[in-house]
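**Q** Listed here are the chains, written in short residue letters.
Number of protein chains: 2
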Amino acid sequence: MLIFMPHYFKLKTVERIKIMKNHYSIGIDFGTLSGRSVLVDLVSKKEVAVEVFEYPHGVMESTLPSGKKLLNDFALQHPQDYLDVLVNTITKLLKHNKVSADDIEGVGIDFTACSMLPVDEDGRPLCFRPEYENDPHAYVKLWKHHAAQKQADRINALAKEMDCKWLARYGGRISSEWFFPKILEILEEAPYIYDHTYRFIEAGDWVVWMMTGVETHNSCMAGYKAMWHKKDGYPDSSFFRRLDPRMENIIGDKVSMNVLPMGAKAGGINENGFSLTGLKIGTPVAVSNVDAHVAMPAAGITEPNKMLMIMGTSTCHMVLGTEENTVPGMCGVVEDGIIKGFYGYEAGQSCVGDHFDWFVRNCVPQSYADEAAAMGISLHKYLRQRAVLQRPGQSGLLALDWWNGNRSVLVDADLSGVILGMTLATKPYEIYRALIEATAFGTRMIIDTFEENGVKIEELFAAGGIADKDEMMMQIYADVTNRNIMLSASPQAPALGSAIFGAVCGGYYSSMDEAAKALGRVKDTMYTPIPENVRIYEKLYKEYRILHDYFGRGENDVLKRLKAVKSI
Amino acid sequence: MLIFMPHYFKLKTVERIKIMKNHYSIGIDFGTLSGRSVLVDLVSKKEVAVEVFEYPHGVMESTLPSGKKLLNDFALQHPQDYLDVLVNTITKLLKHNKVSADDIEGVGIDFTACSMLPVDEDGRPLCFRPEYENDPHAYVKLWKHHAAQKQADRINALAKEMDCKWLARYGGRISSEWFFPKILEILEEAPYIYDHTYRFIEAGDWVVWMMTGVETHNSCMAGYKAMWHKKDGYPDSSFFRRLDPRMENIIGDKVSMNVLPMGAKAGGINENGFSLTGLKIGTPVAVSNVDAHVAMPAAGITEPNKMLMIMGTSTCHMVLGTEENTVPGMCGVVEDGIIKGFYGYEAGQSCVGDHFDWFVRNCVPQSYADEAAAMGISLHKYLRQRAVLQRPGQSGLLALDWWNGNRSVLVDADLSGVILGMTLATKPYEIYRALIEATAFGTRMIIDTFEENGVKIEELFAAGGIADKDEMMMQIYADVTNRNIMLSASPQAPALGSAIFGAVCGGYYSSMDEAAKALGRVKDTMYTPIPENVRIYEKLYKEYRILHDYFGRGENDVLKRLKAVKSI
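These protein sequence lines are chains E and D, in that order.
When we follow my numbering, the leftmost residue of the first sequence carries the number 1, and every step to the right adds one.
When we follow my numbering, the leftmost residue of the second sequence carries the number 569, and every step to the right adds one.
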């Protein structure tokens, strides 16, 4: 009934055609414990449905499937699980929602990173071969695999020694979680695996390869995890030669140089992709993406100076810039790394949700547990119910949020937690609140450091479990940062972000900007700073900064000395 | 059978006479919740028996006996309870042990201090009078009555302004717990009580008065709590006039000038004393004493350079010196204040046992409580069982023990607790141990400060609940201080100390030295430093000192500023 659709005739022909037919995009988000696919209706601009599949092997931290024991700090995954995600979610999405594969405009994929694996010429993971199925180094080394610290230390030392200019782009230090430390670990611990590897590849790029037959290295993972730079490329062969002569020609030989920007099309669904997903041959598939970074367009962010915080066990901060600045202690700046045409900046706090979990597990007395049980609520909720009644500063407590070291802006894993102001009247819920405030001060420090180094932060956006659930914490963040905080609206922000990239690579939208404006969403509710709280937190933040610099910048290295005494 | 007593004939006649008859002394210790009397056999040099009587009114912190509500920070006692202690312990001691009152050579008394009360000309407490029985200011203000902080602040400010030289003898600041702040509180809050008071008197001196009819002010309480000095006397009338004109002539008018040294005889048991105790008229009674200080001779200490630590909820440190030095942050130095002929130095830590109790009440998770319950042990014991397995420094934790401010050496109630070095792997028992170590570092700081100011500390002695029970803690103290620690042997050290003073005042011994050598006892066990622990604690103590000075001596007054923000 045209009378009810007056808007329809104002549209351009191409838009009318789009509406006359159904149009969908699919986003696939590979997390730490499960994968999920979301179906997005590009016409109604709504997420229609989501299908989740838990990895049968989960995270392998103590044994391989064969029962073989793993060393400390190992965290592996089984790549078969990723293929099973495709098989068990995409066909269901189409079938349950009566969607024709003809109507899928494109597919996007995001993945945890760096989660990498060695594969052969056919893209077959080495762990699929019987001769390596009992070798830990043949499996996916998950992002939180921490056994390559020694190798990371050597890479950092050498980069400093050779004065490699890329080091500054990573705040002066690369992490053991990244690409080359994990490769160097394989080379040293399992050289036969290294020898038989055709490609070391991010699991996200590998999944794209399996769906399209095309091998790519997405600029986000290449840039943030493999020290790739749009103009300078990877570190050069002289660096790798000094690291280990066997690695001299690793770039090109064993690491793909086919680095594509975010939003680019990797290829179309091939026969193999069809049998995994039921999608039509030729359906466009975008290059892979990092699960955190892909959440930017899902919150509608395609412009500079808007910082997105993904708040979970740890926090990842992202913001776009128009020029390449060196910000001390950031995790990385990558051109085209988040949205094509911009410099994507990333920073991080290594201990956020983990911090509160530690506290609840270790520091909350039985009396609280009893009361929470009587009220039928979790200990976290019980603590928040009491903490929210406190006004800022009322407890007299102040903490440095370094229980897991400091990622940004000090990049120092040897730092540890500090708390001040306890008296015999101090209550557990007050300490809980002080720890939350400490993480907010840590975020404020990151924001200030960006601003002091040429990257303005005008608005804050938040996504992730904490942003969705913890109103007290979000208000504290608004008060401490003295900024409005908008919330990403999708409960599946990374999957939605991937669907946006899918729709762009399929040509349904002409730009990320257009796509993100159409599909990205924030909630109606927004946290705004409360002036009297801002005033008090301003005082406390001043104290935080003094202590941050005193303990973190060499004035008193007691935390490092205490750590040294631990291992006497 | 003389053949079995060869030693007997080697003794001088006077000693033989002593042995031929029974000789006893009685010590009466008035604590915070109960009084106890101990009977000491001067011949066998043994504590024969002890009788305890709990105060029926306990500590009155919320209401008077009438039900009248008390203000915050009040802590009162009922003087009838003290008389009831005499009635309910001394006669029993004599009867149950078949001891004749003829054989009691003397009686000594020790008391908490400053615990003071207003009395009339007959020594009758004003709270005994019907017209005042409903007035809180007519009762005993117990040592931990904290409602006179305002008055203490004014006294400190005026003493500074008038440059009173006595202030230095108290580490630069007097406490709200002491004599004149409490009197000033009465004057300001209940001037009619002040007007009708004949004497403001320490409860210990009042009990002696009730037993002997003689009013005295013992030099220990006068010196440590009432700013009395052997040569200079009390602060002079010009000071009191400026404090409040009505107080100009308080010394002499309402405060006794009959200050007697420790070990002196106050008088003999009179009719009233006989009816309270059953002791013979004329039995010598020593001047009263402070419960902590009297423990020195009980541990056999009558010489300089031996520090006794009374370790309980808080710790009191005492040492004798041969000259009057000014030690920053000590609680006081009083000539004849502990043992006649010496300068008695006192210092203190305001939060020791209290600290660990706070931790156990507030910071220990249910899982620990469950395990302790399954093992049938207390949480304290459970924590110690795990903490004792740690080597020094293993946890990477370091704390400043200021949960209740810092008494010595900083004399600053506005300081608060600090803890450093927490990680996500930190365990509650590690924090518990760090708090214990923090109090040991606090003691080490006191020892070092004494030594740096001319008072050598060669050996340590410990008494009190913690010294008796907590082997791990005592070993940590030995390691941190790098000194041997001997333990007072008597489970009733203060009462034994009082019995020693009783025996001296009765003339059974010619000197405190002789009496303490005869009756004072330490245990056979001694804690000695373990060299490898000393080495590590030396490192940690160096860190403690840096932080102590940084947070405590004005380099970063964040703790005071946090306290100020609390009460915005």
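Calculated directly from the structure, the hints in this document are not laboratory data.
The beta carbon of each residue, even a glycine, is placed where N, CA and C say it ideally should be.
Treat the hints with caution; some may be incorrect.
What the hints assert, rightly or not - Derived contacts from chain D toward chain E, CB cut-off under 10 Å, selection only:
no.: 1; residue: Val620
no.: 2; residue: Phe621
no.: 3; residue: His625
no.: 4; residue: Val627
no.: 5; residue: Lys733
no.: 6; residue: Gln962
no.: 7; residue: Leu966
no.: 8; residue: Gly989
no.: 9; residue: Met990
no.: 10; residue: Thr991
Unchecked claim - Calculated lysine-lysine pairs in the BS3-like style (CA-CA distance at most 30 Å, straight line):
no.: 11; chain 1: E; residue 1: Lys469; chain 2: D; residue 2: Lys995
no.: 12; chain 1: E; residue 1: Lys539; chain 2: D; residue 2: Lys848
no.: 13; chain 1: E; residue 1: Lys230; chain 2: E; residue 2: Lys306
no.: 14; chain 1: E; residue 1: Lys563; chain 2: D; residue 2: Lys589
no.: 15; chain 1: E; residue 1: Lys542; chain 2: E; residue 2: Lys469
no.: 16; chain 1: E; residue 1: Lys150; chain 2: D; residue 2: Lys995
no.: 17; chain 1: D; residue 1: Lys712; chain 2: E; residue 2: Lys563
no.: 18; chain 1: E; residue 1: Lys150; chain 2: E; residue 2: Lys230
**Q** Next step is simple, just say for each hint if it's right about the structure.
**A** Checked hints:
1. Val620: violated (28 Å)
2. Phe621: violated (30 Å)
3. His625: This interface hint is violated because 25 Å lies over the 10 Å limit.
4. Val627: Not OK, violated: D:Val627 not within 10 Å of chain E, min 17 Å.
5. Lys733: This hint is violated: D:Lys733 lies away from chain E, its Cβ roughly 33 Å from the closest one there, beyond 10 Å.
6. Gln962: holds (6 Å)
7. Leu966: Constraint on D:Leu966 satisfied, holds at 6 Å.
8. Gly989: holds (5 Å)
9. Met990: holds (4 Å)
10. Thr991: With a minimum Cβ separation of about 5 Å from chain E (threshold 10 Å), the hint on D:Thr991 holds.
11. E:Lys469 - D:Lys995: holds (28 Å)
12. E:Lys539 - D:Lys848: Cα-Cα ~69 Å, so violated.
13. E:Lys230 - E:Lys306: Distance ~23 Å between E:Lys230 and E:Lys306 Cα, so the pair holds.
14. E:Lys563 - D:Lys589: violated (66 Å)
15. E:Lys542 - E:Lys469: Satisfied, since the Cα-Cα distance of roughly 28 Å is no more than 30 Å.
16. E:Lys150 - D:Lys995: holds (26 Å)
17. D:Lys712 - E:Lys563: It is violated: about 40 Å lies between the C-alpha atoms, which goes past 30 Å.
18. E:Lys150 - E:Lys230: holds (28 Å)
Consistency with the previously given hints fails for numbers 1, 2, 3, 4, 5, 12, 14 and 17, ordered from lowest to highest.
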